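Chemist: Residue numbers (this note's numbering), protein chains in the order written: chain A, 39 to 391; chain B, 39 to 391.
Honestly, I wouldn't trust all of these hints.
Given that identical chains are not distinguished, each listed pair holds provided it fits within a single copy or across any two copies.
Listed below are the simulated SDA-like cross-link pairs for lysine to any residue, each with C-alpha atoms no more than 25 Å apart in a straight line [stated by the list, open to error]:
(1) Lys348 with Gln218
(2) Lys348 with Leu133
(3) Lys348 with Pro322
(4) Lys348 with Pro267
(5) Lys348 with Ala295
(6) Lys127 with Arg110
(7) Lys127 with Gly179
(8) Lys348 with Ser257
(9) Lys127 with Asp374
If you are wondering where the hints come from, they were derived from the structure by calculation, not from laboratory data. It should be emphasised that the depicted structure is a prediction, and the values quoted were computed from it without experimental measurement.
Number of protein chains: 2
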Amino acid sequence: MPDVQNESPRAAEPAFLAACNRRAPNRLPVWFMRQAGRSLPEYRALRDGVTMLDSCARPEMVVEITMQPVRRHRVDAAVLYSDIVVPLKAIGVDLDIVPGTGPVIADPVRSAREVARLRPLSVDDVPYVDAACRELVVQLGATPLIGFAGAPFTLASYLVEGGPSRDHARTKALMHDDTQLWHDLLGRLAAITGAFLRVQIDAGARAVQLFDSWVGTLSAADYAEFVQPHSAAVLAAVADLGVPRIHFGVGTGELLALMGEAGADVVGVDWRVPLSEATRRVGPERALQGNLDPALLRARWPVVEAAVRKVVREGQTAPGHVFNLGHGVPPDTDPDVLTRIVELVHSLTPRAG
Amino acid sequence: MPDVQNESPRAAEPAFLAACNRRAPNRLPVWFMRQAGRSLPEYRALRDGVTMLDSCARPEMVVEITMQPVRRHRVDAAVLYSDIVVPLKAIGVDLDIVPGTGPVIADPVRSAREVARLRPLSVDDVPYVDAACRELVVQLGATPLIGFAGAPFTLASYLVEGGPSRDHARTKALMHDDTQLWHDLLGRLAAITGAFLRVQIDAGARAVQLFDSWVGTLSAADYAEFVQPHSAAVLAAVADLGVPRIHFGVGTGELLALMGEAGADVVGVDWRVPLSEATRRVGPERALQGNLDPALLRARWPVVEAAVRKVVREGQTAPGHVFNLGHGVPPDTDPDVLTRIVELVHSLTPRAG
Chain A
39 MPDVQNESPR AAEPAFLAAC NRRAPNRLPV WFMRQAGRSL PEYRALRDGV
89 TMLDSCARPE MVVEITMQPV RRHRVDAAVL YSDIVVPLKA IGVDLDIVPG
139 TGPVIADPVR SAREVARLRP LSVDDVPYVD AACRELVVQL GATPLIGFAG
189 APFTLASYLV EGGPSRDHAR TKALMHDDTQ LWHDLLGRLA AITGAFLRVQ
239 IDAGARAVQL FDSWVGTLSA ADYAEFVQPH SAAVLAAVAD LGVPRIHFGV
289 GTGELLALMG EAGADVVGVD WRVPLSEATR RVGPERALQG NLDPALLRAR
339 WPVVEAAVRK VVREGQTAPG HVFNLGHGVP PDTDPDVLTR IVELVHSLTP
389 RAG
Chain B
39 MPDVQNESPR AAEPAFLAAC NRRAPNRLPV WFMRQAGRSL PEYRALRDGV
89 TMLDSCARPE MVVEITMQPV RRHRVDAAVL YSDIVVPLKA IGVDLDIVPG
139 TGPVIADPVR SAREVARLRP LSVDDVPYVD AACRELVVQL GATPLIGFAG
189 APFTLASYLV EGGPSRDHAR TKALMHDDTQ LWHDLLGRLA AITGAFLRVQ
239 IDAGARAVQL FDSWVGTLSA ADYAEFVQPH SAAVLAAVAD LGVPRIHFGV
289 GTGELLALMG EAGADVVGVD WRVPLSEATR RVGPERALQG NLDPALLRAR
339 WPVVEAAVRK VVREGQTAPG HVFNLGHGVP PDTDPDVLTR IVELVHSLTP
389 RAG
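In isolation and in its complexed conformation, chain A is listed as follows:
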């Protein structure tokens, strides 16, 4: 088992958790969304011949894939290898993840009958997640494990559209046409998601990230009315467990304040909004996570380095900063670039003042 415990013996609180909690970390913490995945040759080798959903349901595979980027890059946190549709599959939704397409739902959810089928989730529905987390915290030592779930809006979009969508038109039409059904749907998804995060924290996750991948398609008014109460319910469902809650979506410049107010301790920011401006929008009570443009990972190293330094500089305006990309690691990323970014970020730790 490798030593992934990089903290100094005097530092009781890992850097990642300190930054989330707006305390000065002993080094600037960094992890990457989708760090466990296709950018790593060791991941591709392990996944060979195993479907995405199967791999998420095998605890030993989840553990190994989750550990791979921690060993390789020496990031400050692990993130559970999973997929946002895992809890839906676990409560019996007939779905598949089609390579090159994404989640495909056999019977899209568009009426009260289908919504009523979305039953609550318990730990018995996801024993493999529970088992994987318990083994991971042993292997990770002081490196925190981040639990992971898709937010109600993004899950609803997949269920209503039947799969990925460019414009989320059916989802938005349902939201506006049948408000009661919409709130019933999102209420059920919030309960499922809250329970799913709770399973992970109970099994040792020391933080959670609620991903609302597609919520940036909404105006702030629609978000506030139709989505925020349900994301808030998810975040409230784990509030008593005392772990930092990160909340992230893409293209959410107009929503950052509202996403923070939903109850996040850390707001994830994509690359479109400088962290200094995000600090202004989110306020002093929450840390920020982000936000290097993942498309820059293909550029020459001096370009990457300058961009990393800029993000670190802008992040110093926030009351806490966890370095990350502004979205997930692209599959064709050279993993050595990520390792080099981790080293650079650590070297740029602001001095306590």
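Starting from the structure of chain A, add chain B where the hints point.
Modeler: Then chain B, alone, in the frame of chain A:
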């Protein structure tokens, strides 16, 4: 020939142009991006068996398709039926528009050799556009024709990626890795685009819209350094012709001020930013265009009506407002909904005060 001249005989300036010029229009003007297209059965019938690029190169077809939504919806402006890759094809770039995919470039442009091949455009390269515009202004009478072109960044993205892209990673890498080549590429595209718009105005277009479809993928800093000077060059290239210049992109909340400062008379806004907030960002010197969420076109009429009224109300904060969607008409739109929106918008014309 139908009478598409809806202006009162006393109104010298069509409502669309008045709003663009920040003068009080005699009615609130409305048109729809991609109004000429797949949402109309008469369009689908006409296009049957004709490829997209072929249809754009046949003046009689361009005229008919451009006229269809004007006749049907009685919108306040026509927009030339074309595609953003038409000028590239016209100067010899080997490309095709693949149904279901979009533009595909045979030899992606990634080196000085390929950039050097992007020669200037003259009216002799696009005689069908010249002819179509000349016939259209005859048929349209007082209804203005809007000329149309893709902006340098979006054209560059297609050329560099070789087709549509989710993350524009190759484009961004080139931009940062080889700044000189990037500026050479965008400079050439700006010259082509400026000339292409000039052809349309010379042939009778009374306004132009510069579409930067994908520019919302950039941070404001990257936009200001790598894109704005070239979009500004396009808009400056037709400044002496005195027609309103509309500039639009999707997901551009962080860029609205900069896009206005590039030299637009009208800034197009997607549905994510309320027009009242867009007015604050863009300032008092430019009109706004937008911004009904096109996904709402699938909702029940009372939902659509409430949303239209909200856009009209928020648009009253702008120094001029052209009603439109926040992006193009989705292909599966019921055209009757669009007609009804036109009637509603016209009925909501603010009283001169």
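Chemist: All hints, please: hold or fail.
Modeler: Here is what the structure says about each hint:
1. Lys348 with Gln218: between (45 Å within a copy, 22 Å between copies)
2. Lys348 with Leu133: neither (41 Å within a copy, 38 Å between copies)
3. Lys348 with Pro322: Within one copy only: 20 Å inside a chain, 32 Å across chains, cut-off 25 Å.
4. Lys348 with Pro267: between (34 Å within a copy, 23 Å between copies)
5. Lys348 with Ala295: both (23 Å within a copy, 22 Å between copies)
6. Lys127 with Arg110: Result: close neither inside a copy nor across copies, 31 Å intra and 47 Å inter.
7. Lys127 with Gly179: Neither, since 30 Å and 59 Å both go past 25 Å.
8. Lys348 with Ser257: Between copies only: 13 Å across chains, 29 Å inside a chain, cut-off 25 Å.
9. Lys127 with Asp374: neither (34 Å within a copy, 39 Å between copies)
Checked against the numbered hints above, the structure breaks hints 2, 6, 7, 9 and satisfies the rest.
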